[in-house]
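Residue numbers (this note's numbering), protein chains in the order written: chain A, 44 to 715; chain B, 44 to 715.
Hint data in this document are derived by calculation from the structure and do not stem from the laboratory.
Check before you lean on any hint, since a few could be wrong.
Pairs count within a copy or across copies, as identical chains cannot be separated in the list.
Mimicking DMTMM-like on lysine to aspartate or glutamate, the simulated pairs with C-alpha atoms at most 20 Å apart in a straight line are [to be verified]: (1) LYS677 / ASP640; (2) LYS405 / ASP445; (3) LYS576 / GLU634; (4) LYS284 / ASP250; (5) LYS558 / ASP315; (6) LYS193 / GLU609; (7) LYS382 / GLU370; (8) LYS284 / GLU160; (9) LYS400 / GLU699; (10) LYS281 / ASP196; (11) LYS576 / GLU370; (12) LYS585 / GLU341; (13) LYS292 / ASP45; (14) LYS678 / GLU337; (15) LYS405 / ASP250; (16) LYS339 / GLU685.
Read off the chains here:
Protein chains: 2
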Amino acid sequence: MDIASLRAAHPDHWKLATAIRALAMDAVQAANSGHPGMPMGMADVATVLYRNHLKFDASAPNWADRDRFILSAGHGSMLLYALLHLTGYAQATLAEVKTFRQWGSRMAGHPEYGHLEGVETTTGPLGQGISTAVGMAIAEKSMKARFGAKVVDHKIWVIAGDGCLMEGISQEAIGLAGKQELDNLIVLWDNNNITIDGRVTVSDITDQHARFAASGWDVLACDGHDPADIDRALTEAKKAKRPVLVDCKTIIGFGSPNKADSYSVHGAPLGDAEIAATRAVYGWEHGPFEIPAEIKAEWEAIGARGAAERAEWEARLAALSPAKAAEFERQMSRGVSKKLGAAIRAFKKANSEAAPKVATRKASEMVLAAVNPVVPETMGGSADLTGSNLTKTSDISDFMPDNRKGRYLRYGIREHGMAAAMNGLYLHGGVRPYGGTFFCFTDYARGAMRLSALMGVPAVYVMTHDSIGLGEDGPTHQPVEHLAICRATPNTWTFRPADVIETAEAWELALSAEKTPSVLALSRQNLPTLRTKHTATNMVAKGAYVLEEAAGKRQVILMATGSEVEIALKARDLLQAEAIGTRVVSMPCMELFAAQDEAYRRKILPPGAVRVAVEAAVRQPWDRWLLGERGSEKKAGFVGMEGFGASAPAERLYAEFGITPEAIVAKVKALL
Amino acid sequence: MDIASLRAAHPDHWKLATAIRALAMDAVQAANSGHPGMPMGMADVATVLYRNHLKFDASAPNWADRDRFILSAGHGSMLLYALLHLTGYAQATLAEVKTFRQWGSRMAGHPEYGHLEGVETTTGPLGQGISTAVGMAIAEKSMKARFGAKVVDHKIWVIAGDGCLMEGISQEAIGLAGKQELDNLIVLWDNNNITIDGRVTVSDITDQHARFAASGWDVLACDGHDPADIDRALTEAKKAKRPVLVDCKTIIGFGSPNKADSYSVHGAPLGDAEIAATRAVYGWEHGPFEIPAEIKAEWEAIGARGAAERAEWEARLAALSPAKAAEFERQMSRGVSKKLGAAIRAFKKANSEAAPKVATRKASEMVLAAVNPVVPETMGGSADLTGSNLTKTSDISDFMPDNRKGRYLRYGIREHGMAAAMNGLYLHGGVRPYGGTFFCFTDYARGAMRLSALMGVPAVYVMTHDSIGLGEDGPTHQPVEHLAICRATPNTWTFRPADVIETAEAWELALSAEKTPSVLALSRQNLPTLRTKHTATNMVAKGAYVLEEAAGKRQVILMATGSEVEIALKARDLLQAEAIGTRVVSMPCMELFAAQDEAYRRKILPPGAVRVAVEAAVRQPWDRWLLGERGSEKKAGFVGMEGFGASAPAERLYAEFGITPEAIVAKVKALL
């Protein structure tokens, strides 16, 4: 259908959709940067979605049972901002639209979670939205199973572009969603056949229908500019028994006489002349940012469409038992279970006495066995390394199509998809996700782990096999730079606990975090319990603390983390035997130590002593503690890794790479 | 077919395949770690491949026109090691097999490139092998187009498991290979339906036939234990006009009476009793590591099968013109073009005079325009950001099915697949790959970039939009921790050039590197030419150097990289105006600076002065230069980023985040 026919056939729809297009053109032009083509292309689909299908109430952006709408093609942010403004979200004023892409605006270049109500997740890095949505869909199924369909019954809608579908992470998301039969997930594919480098076919000839169907999805298609056809497809999609791909055939920059259907409309303003020409095509006779009152009123009616449904929902929520309703509210609002602290303290008391010699991955499993029964909103999982990561406790079962109460996710060999799904599980509300893989494969999950940090999603990454201590699997599996990577990433707590007690304390912090993801770097190899004297205080919360004080005059401070703390303690024994007073500082979390006041930091790392840090990883993050705060290179040394690891039994590797008590002693003596 | 029938029907094959299985069982048992199940399951396929199809000559592991064999399921390394030993590769002695997974062995836990001839690439991180193979297949096509099918005409064979196919990177590889119609690529899928967490169906229900077909592959299938059926499928695969997936239905741990077809045989030794029971099933009456002479002889005959073909090939190579043959040898042996140095010097001379004000991404394009014509083995590309990364020069055309002489790859929106393909392009020989994306999306490519470093593959990563300087796209697109990430990674040169001259010098080093990948972090925004006085010397090779000396007594040293060098110079002007003598050090490559001798480092960063580093990124890598080597926190400061960026015009971001000449001056004065 050409534009004239569309206008004639669907005049009401046309006005509504054109308001989106006009705002997108104007805001990008005013910002002198941005992506107008996608909003112009998908305005019809979005209009039909918001007008007829999406369950939402613009006056209650955080309504727990709302449908979630994810703009996976985040560069088309003006589509979302226009919808939020037009439907009447309080924060999405016209004044705010005019600040698009400017300092301090809620309307950033790409949608940023936490900046603007109605933005369900941060998108922009391609493929993240669709993968995060899978986690949201799982969370919905889980919450529904736990609280009932009367209070949890909604859909997750995604708009994804060709870029999202070409990224590898999308395959991980598609595979997981297909296996899990997530019939609450509907992906609207903006099939405009344009990427930045040209036609999609310049780099891909994939038949997306066949690809999605191969992984257990239903596939529908529609003319993405014909509202009746779109409505038919969306109506059908909601009835599916599996996840659905809706192929929306669109034209990027729809209506632009000189730029439509080309890359030139993707990522740059149209320019005043082309905007004027496009307005003429649209029959839109209003000035920049001008939305006629009656069109705004129609949009606001759409924004209020869900109010009655929300009221009914609130009545149903009120009909739950008070305890169940309170628990629902707590989980949706991400309150920390009051039972967590007591469970951790009891665990620490028992284990400081029992003093087991276990790998910290095993210690983590023991902690989870104490935590999972009293924190019902945890959902665990692993990227197909359950028996290695030790992430599944005996009290939780697999989340599966026939067992939605299950709290354990078989993510498959999909680290990136797992991390993105964890973001979605948390963002949906009602779930605290943790998930495991080998620490080295942080590399595969980085894209989504960074978004955890950027969004402030306190996901817990259970990263086992955290050093050369994993032994024979060799350098491809041995992290050396990954502690530095996690520590360099803003708003990330990198924990490397030294024993079962520190592991418990790290878990307590990770599960209490409000805005910060945690990485638990855990050993494969057994480690002794070092904290055999019980303290109720969470020492890991300090980031670093004196584990063993110097006997006699303090000449040396050894700092270490994780499996190297034991080695540092042995070095201390050797040094003390020669009457060299040596303090050992355990530093399980540099970020938390850096957050302490200077007095505390100075108490732990006073000036004057020789400092040696010990960690089976690269030195980069240690320079601050070795050289800064009154250290100096003359009196500071590092015992760790200078390059990649190797394949051999762990003990041999520690010896060959010189991470031994004897090597530490030699380093100290050279510095003294 | 059951084992008895197979033995009876194919006695010769059975003996050969059983030798592989026995060695795998014995070596894993002796190492007390490893993965026997996969070699036992794929021994029949591998035997047929080596016996009847693979073009190779065990006496010439580096024969340029050999078929490449990639064990993407790298945990099954004993399959490859057994094949190399049995067929007679000189380095793969039985004594070496007995060192499997021990310190110093050529036979590491996972196949490590450079340790053992016959290992074409490092595998282990799942999905890398199949994706690297795509690059090799492209290199073969490119070399064939440039040198002719008489000297380049071979196949790339891959064994991949369910794990490889579930990783997202595999979709990127499959999509790229399908688009490029790589009929020289044959993937043998070890379809054993087992992952670490159980049956594949616990996490995936994907119909792989449909999935591969959707992206333009041919799909064949065979009984992976029936040599006749395997041979039929492989024969057919070689005739295909598109890349081929061969579904080899196998049983993991084939023959093990108690462990076959289960996870228990995947990643642990079978144990002496089970090995004995399995030997009985096999009818293999020989002791551990014992291969009867006649079976070894049969295998060695297979290893020598290609000798005649190689001799014919050598005759064809000798029939080329001497110049063409020499160029072929140079490119295959990765010699650096003698014209590179002169081209860079001429470029530097011209541009130090012209002194253009251009973004370093633009400078990079200008360098490439000078380099590509004289270095014919470069192949460029971008993950769908060609116009932003500026990686395509006008003299090179797109590599496409109908244009195999093209030297530019449209990788699509596939950063991880691109990086892996770049590894393959180089490992094949004959190609020096460079490829671009936004620096922030290093996150997506990390898995393969780490393998570049681990393998010593000097790929060049052209990473543009390297800081908040990209402006409005916001924090999802603004790297802050990525310089730290690259610098923390062993064997990686991280270049952040400050102007067009440093960009040229960085490119010269990157393209001359023998064993080290390079990351070029390049600005989106324009930067002035700072090195307006021509020097033939490559100053970037020093890692850091004095760009502007202090006037008068040196009180301050400012260090900076990239776009912040200009800011540091402006701060120097302000300081010098107040008679505060200030040196400015440009530090385009910390790794190369660290590699200088102490005298040089001390000359550049002498003690005594206040030091301030300026970089629009996190501080972590700077502590070494701020605090170490005679610095101290009392006299050192950092002007940079403490957290994520934001969406706004670049100038505003620099002002808001306090990365300005004025902020530097204030920091200096506070320290003085």
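**Numbered hints the structure breaks, given as an ascending list** = 2, 3, 5, 6, 8, 9, 11, 12, 14, 15, 16
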